[in-house]
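Student: Add chain B to chain A, keeping to what the hints say.
2 protein chains.
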Amino acid sequence: MKEKFFYRDLKLGILGGGQLGRMLLQAAIDFNLQTCVLDPDPLSPCRYFGQALQIGDFRSYQDVKEFGKNLDIITIEIEQVNTQALYELEAEGVKVYPQPYIIEIIQDKGLQKLYYQKLNIPTAPFRLLEEGEPLTRHLDFFPAVQKTRKMGYDGKGVHFLETEQDILNAFREPSVLEKKIEIQTELSLIGARNPKGETRLFPPIQMVFHPTAHLVEYLFSPAQVSNTILQYTAEIVNALLDSLKIVGLLAVEFLIDKEDKVWVNEMAPRPHNSGHHTIKANFTSQFEQRLRAILNLPLGSTELKSPSVLVNILGEPGANGIPFYLGLEDALKIDGVHIHLYGKTLVKPLRKMGHITVQDTTLEKALEKARLVKELLKVIHL
Amino acid sequence: MKEKFFYRDLKLGILGGGQLGRMLLQAAIDFNLQTCVLDPDPLSPCRYFGQALQIGDFRSYQDVKEFGKNLDIITIEIEQVNTQALYELEAEGVKVYPQPYIIEIIQDKGLQKLYYQKLNIPTAPFRLLEEGEPLTRHLDFFPAVQKTRKMGYDGKGVHFLETEQDILNAFREPSVLEKKIEIQTELSLIGARNPKGETRLFPPIQMVFHPTAHLVEYLFSPAQVSNTILQYTAEIVNALLDSLKIVGLLAVEFLIDKEDKVWVNEMAPRPHNSGHHTIKANFTSQFEQRLRAILNLPLGSTELKSPSVLVNILGEPGANGIPFYLGLEDALKIDGVHIHLYGKTLVKPLRKMGHITVQDTTLEKALEKARLVKELLKVIHL
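Same order as they appear, the protein sequences are chains A and B.
Under our numbering, the first residue of the first sequence is numbered 1274, with each subsequent residue one higher.
Under our numbering, the first residue of the second sequence is numbered 1274, with each subsequent residue one higher.
Copies of the same chain look alike in the list, so a pair counts if it fits in one copy or across any two.
Cut-off 27 Å, straight-line C-alpha distance, at most; resulting in silico cross-link-like pairs (BS3-like, lysine-lysine):
1. K1606 - K1469
2. K1621 - K1284
3. K1621 - K1277
4. K1391 - K1452
5. K1606 - K1518
6. K1453 - K1391
7. K1429 - K1452
8. K1284 - K1518
9. K1578 - K1606
10. K1277 - K1606
11. K1647 - K1578
12. K1647 - K1277
Just so you know, these hints were derived from the structure itself, not from any lab.
Isolated chain A (complex conformation):
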C-alpha cells in the first residue's frame, strides 16, 4: 500500500457525533485531516461540520461496516459501538484505535474490574451479579454501589445501596456490586500512547462532583494532592497504557479514600470530560494528543500553561426546550474565561451543554472566578 500523509490523503472516521467528536474535528483542522463522523442524529453536535456527518447507527454492525470500508483509521467518541464490525474492519486493514479488544473491556464494567484485578491494580472490592440475582444475598457487602455492567454513563446505571430498603430500586441487569469507598477526593489522569509505544501523561486533574447528580460539577488542574499519590496514580496509568497497548488516549478516574488510599474507579479509552481544559490551558490539548497518537506522530508536551478550572455547563432543573444561556455575557466579562458551546439543540436537566475554562495566574484566583461563573450562568429554555 502506498504511504499516505495525514495532511493530504489519509481518512479518519469517528464513531459518534457528540461534543467529543466535535472537539476532535476542531483539533483536526490544524492537521488538515480528512474526517467523517457516524451518528444516528442529524442534529448531533457534529452537524456543525456539515458534510462530515453521516447518518447511521454506531451500534449497528451493518452501518459501522459500511462506514469503515473506505477509511484508513477509525476511532470512537463513545464506547457503545459495534465491535464485531470493528474486528472485521481491522482484519481488512483499517486501523482501529482504540483497538476493539479494549473497547470490549470498557463496554463491560465487569470485565474492567477483572482486568484491574489481573494487573493487581487497587479497585474497590466487588462481586459480579447475574441478571435478576437477588440482592438479599449480598447484604453483608453493604454499603455498596451497584453498577450495570453495560451502557452506564454520567451517573446513569449507578445505584447506591445503604440499607435493605434500597434493594427495591436495584437493577435487574447483570451488574457489578462494589464496596462503597468513603471518598475524600477524586482524580482523573489522562495518558496517551502511540503505536511506537511512546507514552505521555497530562498533569492530574481533581474533580468536584455535583452534590446529588453523580456528575462532575467542576474540576481543576493541577490537582492538590500529595506527591506520593501523584506518583502512585501515574504508575497505575502507565501500567494500564502498557498492558492494554492502547493507541490513543486513556482516561483513568481514581477515588482517594479518607485514609489516602487510592482506588481505580473506571477508565475510558478516549478524550474525557475531565480533560477539556487542556484545549486552553496545556501546551497540547487532549484532542490534539489523541490525533498525534493515532497518526503515530510524536506525542506533544502536556505541560500546563496556567492553573485552570473547568466548569461543566449543565441544563437547569426543569429546562426542556431550545437552550437560552442566562448570564452568558456577564460570565464572558470575567478575564480568563473561555466558553465552549457544544451546539446541542435541546436543553434538558443536567445535560452537558458546554463547558467553561477559567485560567488565572494562581489556582485560588481561578477557583474564585469559576464559582462566580457558576452563579452567573444558567441554561434554561426559551
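Tutor: Leaving out everything else, chain B in the frame of chain A:
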C-alpha cells in the same frame, strides 16, 4: 426585529475563504455560531468547512449583494472586497464589521497615509503619484519605497528605489512614494473594539523579516523594546481605534528606526498574520476576540500565557505542486511546538502554507526551538 442570539439564530458571513477565514470559523465553533463564506475558489482553505463555503467573487457587486442579503453580520478576511455592495447591505440593516468606510481607507495606501497625516500619527514622509507619473521628478526623495495604492499584499506591489537605475522597474499604477526608513526593528500591535466602544490591545509582537522576500519570517511576543516605545505605540493604536470607530480588530504595523523613532507602516482591519500565536499563547485568541467584538460581547483578556514564537511555514524556492512537509515529524518532536496547516492544495515558492507556534517558559528557549523548527521543516512538492 426580534432579538437574535449568536449561539442560536444569528448568521455571520465572511468575505474570503483563506486561512484567516478558516481560523475564524474554527474559533466560531466554540460560540456555536452559524457561518458562511464567500470565495471564488472551491479549493480555498475554507472548503474544510464544507457546506459553509459558497462559491462567488467577493470583488463582485452582484455576488456580495446576493451573499449578504440573508445575513445578520458580514465581516472580511481580505480587504479587496466590493464596498458598494457592503454600503447597500449596511443601509438595509446588515451589520458590516469592519465598516465599509474603513475598508475603503485600507484598500488604498494613499488614503491610509492621508489618514495618519490627519491624525498627526507619525508615518514616513510620502508623495502620492498619479498613474504613469515619471519617477525622474522625484529623485530628490530617494532612497524611497514605491507602493501601489491598491491590491498590494505580502511584499507584492512594493518596489525599492535606491538609485536612478531602479526606476526602470517602477510601477506605473497610482502609487505612494515613501521615504525609506532605516529600520531597526518592526512591531505589530493588534487592538479590538466592540460597538459599545470597549477596546483592548494584545501584547506587542516583534517581527523578523525574511532577508529577501519582504515577508515576515518569524515573530515573537512579548516584544523586546523599551517601555517608552511600548507606551507610544499603544497610544497610537488606541487613537486609531477610537477615531476609526472600528468594530472588530485593527492590526497596526510599526517601523522603529535606528534612532528609536516610531513610524506607522500600515494597518489592517482584521486578524493579522502577526497574531496567529494568540490561538495558543494568549488567554483569548485574535479570532475569538474578533468574534467577541463583532457580536458586541465583552472583549476577552489578551494576556500572554507564555512567551511564544510564530514561524510562518512558507513554500520552498522551486516548490510547485502538491505539498509535502519535509521534517514535519521531527519538528513535532520538539516540546511546545504546535502546527497549524491551512490546507492549501498547491505549494508555491514563499506561499504561506501554515504556521508553527513555539511556546516555552522563556523567550530565549522558544526562539532557540523556533530556529531549530525552521531548519527542520521545508515545504516542497511531491
